[in-house]
Amino acid sequence: MTEAPKSGGIGFAGAGAGIRSAARVFWTGFVLNFKILSVSPFMVMTAALWPLVYATLAFLMFRATHHAPSLLYAALGAAVMGIWSTTATSAGGAIQQQRWWGVLELLVAAPSRLILVLAPVTVAIAGIGVYSIASTLLWGRLLFGVPIHISHPALFAIAIPAAVLAIGMLGLVLASSLVLYRSASAFSQALEYPIWLITGMLIPLSLLPRWIDPVAWALAPTWGMRAVRRAAIGGDVGTPLLVCAALTVAYAGLSMLLLHHFERLARERATLSLT
Amino acid sequence: MRTWLRIFVVGGAISFRALFSWIRPSVYVPTLLLGPTTQVLFFAYLGRTAHLESDDWFVVGNAVQSASLAALFGMGFAIDGERWSHTLSAVLATPANRAALFLGRAVPVLLNAAVTSATGFLGGVLLLGFRPPWSAVPALALLVLIASFACTGLGMLTGAVGLRTRDVPIIANLTMAVLLIFCGVNVPLDKLPGWMHSTAEALPLTHAIDAARRVADGASLGSVGTQVGVEIALGTAYLVAGFALLRWFELEGRRHGTLDRA
Numbered sequence: 000m001t002e003a004p005k006s007g008g009i010g011f012a013g014a015g016a017g018i019r020s021a022a023r024v025f026w027t028g029f030v031l032n033f034k035i036l037s038v039s040p041f042m043v044m045t046a047a048l049w050p051l052v053y054a055t056l057a058f059l060m061f062r063a064t065h066h067a068p069s070l071l072y073a074a075l076g077a078a079v080m081g082i083w084s085t086t087a088t089s090a091g092g093a094i095q096q097q098r099w100w101g102v103l104e105l106l107v108a109a110p111s112r113l114i115l116v117l118a119p120v121t122v123a124i125a126g127i128g129v130y131s132i133a134s135t136l137l138w139g140r141l142l143f144g145v146p147i148h149i150s151h152p153a154l155f156a157i158a159i160p161a162a163v164l165a166i167g168m169l170g171l172v173l174a175s176s177l178v179l180y181r182s183a184s185a186f187s188q189a190l191e192y193p194i195w196l197i198t199g200m201l202i203p204l205s206l207l208p209r210w211i212d213p214v215a216w217a218l219a220p221t222w223g224m225r226a227v228r229r230a231a232i233g234g235d236v237g238t239p240l241l242v243c244a245a246l247t248v249a250y251a252g253l254s255m256l257l258l259h260h261f262e263r264l265a266r267e268r269a270t271l272s273l274t
Numbered sequence: 000m001r002t003w004l005r006i007f008v009v010g011g012a013i014s015f016r017a018l019f020s021w022i023r024p025s026v027y028v029p030t031l032l033l034g035p036t037t038q039v040l041f042f043a044y045l046g047r048t049a050h051l052e053s054d055d056w057f058v059v060g061n062a063v064q065s066a067s068l069a070a071l072f073g074m075g076f077a078i079d080g081e082r083w084s085h086t087l088s089a090v091l092a093t094p095a096n097r098a099a100l101f102l103g104r105a106v107p108v109l110l111n112a113a114v115t116s117a118t119g120f121l122g123g124v125l126l127l128g129f130r131p132p133w134s135a136v137p138a139l140a141l142l143v144l145i146a147s148f149a150c151t152g153l154g155m156l157t158g159a160v161g162l163r164t165r166d167v168p169i170i171a172n173l174t175m176a177v178l179l180i181f182c183g184v185n186v187p188l189d190k191l192p193g194w195m196h197s198t199a200e201a202l203p204l205t206h207a208i209d210a211a212r213r214v215a216d217g218a219s220l221g222s223v224g225t226q227v228g229v230e231i232a233l234g235t236a237y238l239v240a241g242f243a244l245l246r247w248f249e250l251e252g253r254r255h256g257t258l259d260r261a
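Taken in order, these protein sequences are the chains called G and A. Under numbering that gives the first Met the number 0, the residue at position 95 of the first sequence is numbered 94, and the numbers go up by one with no gaps. Under numbering that gives the first Met the number 0, the residue at position 173 of the second sequence is numbered 172, and the numbers go up by one with no gaps.
Derived from the structure by calculation, the hints contain no laboratory data. Be aware that one or more of the hints could be misleading.
Here are the computed distance ranges between Cβ atoms for each label pair [what the hints assert, rightly or not]:
#1 G/Ile-35 with A/Gly-193: 42 to 52 Å
#2 G/Arg-140 with A/Asn-96: 45 to 55 Å
#3 G/Asp-235 with A/Ser-84: 55 to 65 Å
#4 G/Ser-37 with A/Arg-165: 16 to 26 Å
#5 G/Arg-140 with A/Thr-164: 27 to 37 Å
#6 A/Arg-1 with G/Leu-141: 56 to 66 Å
#7 G/Lys-34 with A/Trp-194: 30 to 40 Å
#8 G/Pro-160 with A/Ala-92: 53 to 63 Å
#9 A/Trp-194 with G/Pro-160: 36 to 46 Å
#10 A/Ala-92 with G/Gly-252: 55 to 65 Å
#11 G/Leu-271 with A/Pro-137: 37 to 47 Å
Every residue gets a Cβ at the ideal spot worked out from N, C-alpha and C, and that includes glycine.
With the sequences and hints as input, model every part of the structure.
Below is the structure:
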């Protein structure tokens, strides 16, 4: 009788320590990778320049007619497009990148779970896209006079990291499913426009064929975008935010399975370091 | 003359194969074939969102613009790739005629750009019901080649700048962004501010896209002769400027011993 509570206490304490350790590994990896990416001119250009290009095009196109959505709608869409841009450009080949740098064996051999080491990489890649939100909104305000009025600032502040995390985890799913595909990066980049198109970042889903709806609903960026837009323009934020969070967790689980499978195959075939 | 032609044709083909040996179908198909198709689709739907122009208008604009992707990046790597493979000094140490050497590299890039653009058109046909008159197809093909030539000329210039600044992808990306916004690809020129419209007149693609849209609407090639002439003139001007810059950078590189510095 005296042992049971003690044992339970140790179990809770052990679980708590495990969660803290996992969170520390994730956060340290995120900060490290965010810093590495922030000094890459190519990544900063992808995050800050291309969203401005698409925002400019959207502003010019929407301004040319009186039937288009608002310019704030366009600005928010272009900003989140930037997050996906950086992810599509780099996340697909994230594992390949570690291999080229010669650190993949070290990461796999580390006592932490592989997902805790690789998820921060893809989330940091998506996180770099935060530059796109700042640059796009500023660009819209200064050059096109887009009124930046956020309906629910607190929810907006939650929706942005939720969208970043969701897109980063989608990047991790891509990275872990394409790990045995030699040109993962090229394939991942080819998904840039399709994901923009079917997740309603600039184009309302109602304009697309109906058969695309289930695909769009299964993609967390659809809900992340919806949460960001509703937090800014108005509407129910809770539902898209919850669905976005649930899909993000599902992506993490799927990635874990895929990475476990990849790790087992790589160990069996001794192909971990082969490019 | 025979040597010039040999360096131009054989040298150009061999260097293209050598410098782009890393391009496998698994890279080529998603990047240069799927990319233009998805771009055409995205902007056609964005056009529907804005109620701006017809699908055909966006198909032609984006398909022709796709040529710039292959031309700008291709020409940049055709020049700067020598530095990455540590063969730049060896290439420039040869007595080979520089015009034959660099123009020869431009031909495969030009043809590849035209294929990329054609894929965009094919995507429009398959996914958006783009149906130009059959009689317009040869003229459209010619216009695609002309646009690819003009973009390759600009690629020679940006490739030379990239050789100097040692960052070809960034220069190519910036140039492609300018072309996408300014050249009437997705926004009609008369809806652009005056200064953007004026800038567009001096850029490749603007005139080719305008001509291609008219031809796709049923106009004859003869009726767009002015646009064709201006596009060819612009392409030639950019090509000559790019070549001159390359020669100048080569002389500077020799003088300061910085040719192979990565």
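Verification of the supplied hints:
Between G/Ile-35 and A/Gly-193 the beta carbon distance is about 43 Å. The supplied range of 42 to 52 Å therefore holds. With their beta carbons about 54 Å apart, G/Arg-140 and A/Asn-96 fall inside the hinted range of 45 to 55 Å. For G/Asp-235 and A/Ser-84, the hinted distance range of 55 to 65 Å is satisfied, since their beta carbons lie about 56 Å from each other. One distance hint, 16 to 26 Å for the beta-carbon pair G/Ser-37 and A/Arg-165, holds here, with the actual separation near 20 Å.
Checked against the hint of 27 to 37 Å, the C-beta distance between G/Arg-140 and A/Thr-164 comes to roughly 31 Å, which is consistent with it. Between A/Arg-1 and G/Leu-141 the beta carbons are some 59 Å apart, a value that agrees with the proposed interval 56 to 66 Å. Taking the beta carbon of each, G/Lys-34 and A/Trp-194 are about 39 Å apart, inside 30 to 40 Å as hinted. In this structure, G/Pro-160 and A/Ala-92 meet the distance hint of 53 to 63 Å, their C-beta atoms being roughly 55 Å apart.
For A/Trp-194 and G/Pro-160, the hinted distance range of 36 to 46 Å is satisfied, since their beta carbons lie about 39 Å from each other. A hinted range of 55 to 65 Å for the beta carbons of A/Ala-92 and G/Gly-252 is consistent with their spacing of about 58 Å. Take G/Leu-271 and A/Pro-137: their Cβ atoms lie about 53 Å apart, and the range 37 to 47 Å is violated.
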